[in-house]
Amino acid sequence: MLLAFGNFTADPSVNLQLLIGGLALGAIYAVVALGFVLVYKSTDVLNLAHGEFLMLGAYFALTFLISENLNFFLGVFVLLLVMLVFGLLVHYGIMRRMVGQGFFAIVLITLGIATIIRALLLIFYGPTERARLDLLPQGSFEVGGATVRYVDLIIFGVVAACVLLFFLFFKYTRLGLHMRAVADDIEAAAAMGIDPDKVYAMTWAAAMVMAGVGGLLFGHVTGAIDRSIEAIGLRAFPAAVVGGLTSLGGSIVGGLVVGVIEQFANGHLGTKWREPVAFSVMFVVLLVRPTGLWGRKDLERV
Amino acid sequence: MTAVENPAPQQDSTTYRPSPVQRLLPFAIAAVVPFILGATTENVNFWWKALITVVVLAVVARMAWVWTPRGELTHREDMRLWRTPSDRSWAAVTVFGLLVLPFILASDFTPPMDFPWATWFAVVNLVLIFAMGAAAFNLLVGYSGQISLAHVAFLALGSIVGGIVGVQWSGGNMWVALPAAALAGAVVGAISGLPALRLKHLYLLLATFGFHFVMMLVWREYLQEYFGFVGIRFKGENSPRIASWLHWLPGIDPDDNGEFIITGQFRWYWVLMPITVLSILFMVNVVRTREGRAFAAVRDRDVSASLLGINVARSKLLAFALSSAVVSMSGVLASFYIGSRGEDSFNVQTVLNYAIIIVVGGFSSIQGAIFGSAFFWFLPEWFKWAREELWIVRDIDFLSDYPSEIDLAIKGFLVVIILMFKPDGLAGLWKDVKGWIGRSLARRGP
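Residue numbers (my numbering), protein chains in the order written: chain A, 453 to 754; chain B, 707 to 1152.
No lab work stands behind these hints, which were simulated from the structure alone. Honestly, I wouldn't trust all of these hints.
[What the hints assert, rightly or not] Calculated lysine-lysine pairs in the BS3-like style (CA-CA distance at most 30 angstroms, straight line):
id	chain 1	residue 1	chain 2	residue 2
1	B	K941	B	K1137
2	B	K906	A	K724
3	B	K1090	A	K650
4	B	K1090	B	K1137
5	B	K1128	B	K1140
6	B	K906	B	K1128
7	B	K906	B	K941
8	B	K1140	B	K755
9	A	K724	B	K941
[Said to hold, decoys possible] Covered by chain A, per the in silico footprint, the following chain B stretches (three or more residues, Cβ under 8 angstroms):
id	stretch
10	899-908
11	1057-1067
[Said to hold, decoys possible] So, partial list: chain A residues that the calculated Cβ filter (under 7 angstroms) puts toward chain B:
id	residue
12	L563
13	A571
14	Y624
No experiment lies behind these values; they were computed from the predicted model shown. Even glycine gets a Cβ: it sits at the ideal position worked out from N, Cα and C.
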């Protein structure tokens, strides 16, 4: 037979371990998916460079927290500040001119940005891989024969806090209201005196800061920090889509669902099935609900 | 109702109809002269040949220009592929250029400043393969508006079919593998296009990207099942050859062992060039047919297209099938040309490379694919040369320390800059240049 299946096991502790690993992976996916959702929700741009943004965040974390050896909180603050500046740079330098262009042209320009970031990181940091970050607590504890790492719990908490924060932000602040208005109808929003340019700039800055957080967290759980960690951007796509690309809460549910399914596929079928299974789940969800589980539905007029 | 005075169609001396001989003659000259030049290997200085080439080019272009129908055109004349004098003369020059190019590249002429002439033959062949694949990609993504990232999946499918039909079944018979790959590509392409019936834009892009990962899984499983980690060897005993009953053809003189193996850049050029040119002409023609116009209608607004009586589902699937068939064929060609395909031959970066090619060349124009792939392959070679030889640039250590990274950065910056300032890419630039030349020529006229 062409496709060899792995061994199925019914051992409960193995399955529990897979479940916990899946939830941990799902938390990371949720962090990344949140970045996609933020950008897509207000600017309608599918940002294929988010994996590279995250890689940028991880490398900056390496610089500020390990090489410069700053205090943890100061270092994180500097990291997020730098990412914010980069976000503004992305908007005012590039994306601002692309407003109103065709959908695929914008997707391709994010690919161009991704290529630039990858090349520059290669030039300035070199191809050698670095050890992963170890600033958050490294220990673990046992639950029913399965180990749970503290880092995973922290990631989970951070994601939940971020989702809550953004939810409150969109719901109750003036800027959040502006973002929602621009996302809904950019021309009507502009006629009401909202500056879409500023709103888009804030969106890109927020997405970059989110990528900084994601890079910092992912830097703790990845095997090593090298240029292959950009792949997390692509692997988190199914999570973002399953949850719905316009739903903040959807990203966390989608992340967990896809993470667990992927981890089970990984454990029972083999590593090579990881991406095909994740994308198949996404595919099925798309066929049943074309905008994801909680996505905004668009009407089409002729 | 007041009658509007239409000027009567002019049937005077501005209307001009060349005879069929006059229409064909420039192309016939363009097709024959390169072989005569190539056959005269001795006694003629390279510079003489260059001079003759330039003169013939000018003559051919001028003849094609003058002998183009003018004035009031019939519908049939209006729908022709090369309609205007400038189109026809560029076509004639292209025919001449494509035929004379391999002889120039195979000559032992050393250009000034050690410009890497000989290695460029390999680059030209790669450009031919990539232009074919990128043109098909453009037909699907740019012209039909069906966003797909499953492009590299079909290159892998081409390699799989090449491996099964061309290597395992027939031991290096590329000629059977090519149509087999086209057939498999069309069928699998139509299947991969099924989500397009329900999904659009972003979601279609993601669904096809999922197909990419599924195909990568199939590719890896196939490799491990039959070939192990070394990958498929398409060279050596598996390289394509011309069957002995065809050795009477002109220009084919078998090697010492009585076989004619397609190896080396010169022979490969004569295999790749006709296939690429024919498939690109095929795609250019598809765009002009009823089906091709239906593609554009579906791209602009599929609901309106269905109201016009276009079968939208059929049109979308046909676009996927056509594009995938050509891409699979280019996958077979690439496998046999490069000689081996392993586990890491296809990855996400390859998808990005094709995206770079069609952006730089010009979105949604089929000739843009040719410009784009030429640019994609020539740029690194040129930079390599510049880093080693060019006057000031060779002294900058930074550039020679990070060669591939800087190439990558330049490609990324180019994509961004082109999309920001010149969205129709090199093809648009070329159009501007042609228009500028035409205008400045016209200004000088009487």
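Do the hints match the structure? See the list:
no.: 1; hint: B:K941 to B:K1137; in the structure: violated (41 angstroms)
no.: 2; hint: B:K906 to A:K724; in the structure: holds (28 angstroms)
no.: 3; hint: B:K1090 to A:K650; in the structure: violated (43 angstroms)
no.: 4; hint: B:K1090 to B:K1137; in the structure: holds (29 angstroms)
no.: 5; hint: B:K1128 to B:K1140; in the structure: holds (16 angstroms)
no.: 6; hint: B:K906 to B:K1128; in the structure: holds (26 angstroms)
no.: 7; hint: B:K906 to B:K941; in the structure: violated (41 angstroms)
no.: 8; hint: B:K1140 to B:K755; in the structure: holds (27 angstroms)
no.: 9; hint: A:K724 to B:K941; in the structure: holds (29 angstroms)
no.: 10; hint: 899-908; in the structure: holds (count 5)
no.: 11; hint: 1057-1067; in the structure: holds (count 4)
no.: 12; hint: L563; in the structure: holds (6 angstroms)
no.: 13; hint: A571; in the structure: holds (4 angstroms)
no.: 14; hint: Y624; in the structure: violated (29 angstroms)
Checked against the numbered hints above, the structure violates hints 1, 3, 7, 14; every other hint is satisfied.
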